[in-house]
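Generate coordinates for the entire structure from the input sequences, incorporating the hints supplied.
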Amino acid sequence: MKSFSSFIAVNLMCLHKADSFLTNSPITTTKAIHNAQNHNHPRTTSAPLASLTPPTYAAAGPPTVNMNQYNLPLPQSISEWTAVLQARTSLQEEGIFLQPKNTRDLFVDTLQFRIRRRGGLGLLLTELAGREDGVGITIVEEVLSGGNAEHSGIIPGDSIVAMTVIQSVGDTMENTEETRVSVSTECLAYDATIEALTSLPPPESSEEEIVLTVKRLRRQPKVHVKLQYPPHLQEPDVTIELFAGENLRRAMLTRGIKLNDKLARRFDSGGSGDCGSDGTCATCVVAVTKGAELLSPMKEQEGQILSKKPRWRMACKTVVGYGMAEGDLTIQVNPRQWEI
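According to mature numbering (1 follows the signal peptide of the UniProt record, and there is no 0), the stretch in the sequence shown is residues -20 to -1, 1 to 320, in order.
Quick caveat, the hints were computed from the structure, so don't treat them as lab data. Just so you know, these numbers come straight off a predicted model, no measurement behind them. Among the hints, erroneous ones may be present.
To be verified - No more than 20 Å apart at the CA atoms, straight line, and that leaves these computed lysine to aspartate or glutamate pairs for EDC-like: (1) K206 to E175; (2) K270 to D217; (3) K206 to E158; (4) K238 to E273; (5) K289 to E319; (6) K206 to E189; (7) K288 to E319; (8) K206 to E188; (9) K206 to E184; (10) K202 to D308; (11) K202 to E157; (12) K206 to E187; (13) K202 to D89; (14) K238 to E221.
So, in structure tokens, the structure goes:
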């Protein structure tokens, strides 16, 4: 057991070596050491602290439900966490990052929490896997009862990827500025994590807080969609499963669902054929008979085109599971043919 009562309570209960990346990594030792060393160096800046506002989930938009319903239990988090080396892209730097093994059904959420520093954070950390060069995976095993983190929102299975403190530097009121000190701890083994955490400056007051950035595994919310075809086609209903945030038209086409109405005249030109998702022909419209609240809000152009059909939606402009909600959706394909 390793305890750092002055800063953070830590208990190393298990050391799993099951992750192939961490035990038999194709990454060179030099690359891994460089990554770990970069993590261990605190960064001091005067930039403003990032907002703690709720995240937005791409096409699914800001959450309208309690995202904690998608949290994984600790045993599943332990079995699912892995680390991968990613090349540099326009969206992120090169480095080693956490992700789930099952990237189809799970996703990584990034959250921030403020916790009082004085008296320790009240967290037990466990190393799932680690290498001698400092690369590994360390997660929260337990949030201690009565500790500063008890009501913070952090849960077992979270992995702390960054910590930030803001302190005032200066000897007078006129000569004082706020300084932000951050340390990154993503994909660090236990010892490297503790070294990084304890490298932060000590608290200057009993009320000083620290911002913990954690990564959390969550399951992808799903929407069960029942598709009904016009009666004269005599085709059975089809049920498909879509993930929150998927475009309805694209998701249906990739699953081999017949969608565009070949008999319908285009809204924009009056001819045949579709517009290829430009949102102008309205040949991909569907009628929603159940679960309309699971769809993205209708925008102005779509609303004008379908002003006389309140239950219709243009599949190419519709996102299912909007707000990261899940549930059941029933739609009628080719609704014009239902009126024959």
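Quick rundown of the hints versus the structure:
1. K206 to E175: 53 Å, violated
2. K270 to D217: Judged against 20 Å, a Cα distance of about 14 Å means the pair holds.
3. K206 to E158: 55 Å, violated
4. K238 to E273: Violated - the C-alpha atoms of E273 and K238 are around 24 Å apart, more than 20 Å.
5. K289 to E319: Holds, because 12 Å separates the two Cα atoms, which is no more than 20 Å.
6. K206 to E189: With Cα atoms ~49 Å apart, K206 and E189 exceed 20 Å; violated.
7. K288 to E319: 14 Å, holds
8. K206 to E188: Distance of about 53 Å is beyond 20 Å: violated.
9. K206 to E184: 59 Å, violated
10. K202 to D308: Holds, at roughly 9 Å.
11. K202 to E157: 47 Å, violated
12. K206 to E187: Violated, at about 54 Å.
13. K202 to D89: Holds, because 16 Å separates the two Cα atoms, which is no more than 20 Å.
14. K238 to E221: 16 Å, holds
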